[in-house]
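Make a model of the complete structure from these sequences and hints.
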Amino acid sequence: MLRRRELLLGAAGGWLASRAPGAAATPEQVLGTLTGKKPLIQHAFRPPNFETPLKDLIPAFTPNDVFFVRYHLAVIPRINPATWRLAVGGSSVGTALNLSLQELQHDFERVELAAVNQCSGNRRGLFTPRAAGVQWGNGAMGNALWSGVRLRDVLRRARIAPDALEVVFNGADTPVLPGTPDFVKSLPAERALDENTLIAFAMNGRPLPHWNGAPARLIVPGWTGTYWMKHLTDIRVEPRAFDGFWMKSAYRLPTGAFPGYRFASQENPETTPITEMLVNSLITSHVSGARLHRGVAATLSGKAWDNGAGIEGVEISVDGRRNWRDAVLGRDLGRYAWREFHLPLDTSASGALTAAVRARSRNGARQPDALTVNAAGYHDNIVQTVTLEVA
Amino acid sequence: MRGAIAAVGLLIVVGLAGGAARIVVAAEEPMTLADGPGRDLTIGRCIICHSLEYIPSNAPVMNRAGWQKTIQKMKDRFGAPITDEESKEILDYLDAHYSGKV
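The listed protein sequences correspond, in order, to chains A and B.
Letter 73 of the first sequence, counting from 1, is numbered 72 in numbering that gives the first Met the number 0, and no numbers are missing.
Letter 36 of the second sequence, counting from 1, is numbered 35 in numbering that gives the first Met the number 0, and no numbers are missing.
Just so you know, the hints here were simulated from the structure itself, not pulled from any lab data.
These numbers were taken from a predicted model, which means no experiment stands behind them.
Among the clues, some could well be false.
[What the hints assert, rightly or not] A partial selection of chain B residues facing chain A, derived with a Cβ cut-off under 10 Å:
| # | residue |
| --- | --- |
| 1 | Glu52 |
| 2 | Ser56 |
| 3 | Thr69 |
[What the hints assert, rightly or not] Pairs of lysine-lysine residues, derived as DSS-like cross-links and limited to a Cα-Cα distance of at most 25 Å, are as follows:
| # | chain 1 | residue 1 | chain 2 | residue 2 |
| --- | --- | --- | --- | --- |
| 4 | B | Lys68 | A | Lys247 |
| 5 | B | Lys72 | A | Lys247 |
| 6 | A | Lys247 | B | Lys74 |
[Said to hold, decoys possible] To be clear about the criterion: a stretch of chain A counts as covered by chain B if any three or more of its residues have a C-beta under 8 Å from a C-beta of chain B, and this derived list gives those stretches:
| # | region |
| --- | --- |
| 7 | 42-56 |
| 8 | 128-134 |
| 9 | 301-311 |
Note that beta-carbon positions come from the ideal geometry of N, C-alpha and C, so glycine has one too.
See below:
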């Protein structure tokens, strides 16, 4: 079990050879099961860290039973929705709240939003040089239709004060040992009050699956998954920066190394919190090593996403990145969702066919050719290539 | 820790050969680490908080300094109950079997 070896990709495969020559070997995939989920790529059984296989990233909305699972802490209670409460308090609210699920669902305006949820560490296992941590491939992400209420409506009900600096979120999952920091995250008050930041209780029209945060979780569209607190139980609004481990020491990038929203109250001269996702894309139709029949129509397709600016275009090159052609974009599911793209491939000549894909955001950003190396292995959004064989 | 194995639950191993998926289903397959001095102590301390996959999966990234840093982090940041003497034994074990090894 868990033997590691290099793996050549087949139809059901993963991600190995979609990297530049010299990229790190990718270990054998192990599929594991969690209650209520179909087999997913197992990175750890406890705490559960399970990745969505590539084939399950093809649908426009990632089904609940294959949506990826990511936890830091191993004590994950199954919550009875009938007795669950959401506490809202802190120094910067005028009225503390203690809401039942029914109150949350009925006392506030209901909203729906399609959004990509991507783990900060997605693709860490593809990083060169390799970085320590869960060795995710491409599937620590998914796109879902989230239903819930606006966090800002709840904060306004609690009479959020003008001096609010950060809003701090805790979920029901807890550590095994008393010395392990509880998983607690904060957002800038400005982002918490954004109309698109939600407390969701449904996903793709169904109640949230246990492993994706039932009965309610935070949705911070455009930002990486670390902020999307699962099993939400406590919200505190504070006039000062939260100093917990998961803000001050984890999920950080070198200051100034990447574009994106700057979380000023958590930034220091050396490091800054990861915040927004970078423009990125994933080929879902093919993996390197796949064979195409000469003269038979084939279409390269996949998904592109960004921080919510929205995908402006996706380009594909089949001549070593010299010339680029615009792919056809699929239906616009909303600026926080991913955007499907596709382009026919020319299969008239036998031999190797290498396709590179790069997405472009409406904010002007484009996927880079080279990785910006950082210790935690975050933000791998370099141009992806697949090498196919036409015969 | 008496046994040197820890259950990791139901696993299905998928290997791929010649493009065809090979699926092996194993119920409650036990997982263990490489045999050697320090194995039982290593397993016993690590599985308090997490299953063992993290060790082989991070091996390619690791060297002695990396494991030392990790053990220290588990003690200092996450409160793992590991004495200095035990740290040394665990470090020797992990470095011997899981430094730069796939």
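Here's how the hints hold up against the structure:
At about 5 Å, the closest approach between the beta carbon of B:Glu52 and any beta carbon in chain A falls short of 10 Å, and the interface hint on this residue holds. Satisfaction of the interface hint for B:Ser56 is found here, the shortest Cβ-Cβ separation to chain A being roughly 5 Å, below the 10 Å cut-off. The restraint placing B:Thr69 at the interface with chain A holds, with a minimum CB-CB distance near 7 Å, inside the 10 Å limit. Distance hint between B:Lys68 and A:Lys247 is fulfilled; the C-alpha atoms sit about 18 Å from each other, no more than 25 Å.
For the proposed pair B:Lys72 and A:Lys247, the alpha carbon gap of about 15 Å is at most 25 Å, so the pair holds. Between the alpha carbons of A:Lys247 and B:Lys74 the distance comes to roughly 18 Å, so the proposed pair stays at or under 25 Å and holds. Chain B is given as covering the region 42-56 of chain A, and this holds because 5 residues of the stretch bring a CB closer than 8 Å to a CB of that chain, at least three being needed. Against chain B, the region 128-134 of chain A contributes 6 residues with a C-beta closer than 8 Å to a partner C-beta. That satisfies the three-residue criterion, and the hint holds.
Given a C-beta distance limit of less than 8 Å, the hint that chain B covers the region 301-311 of chain A is violated, as 0 residues qualify and 3 are needed.
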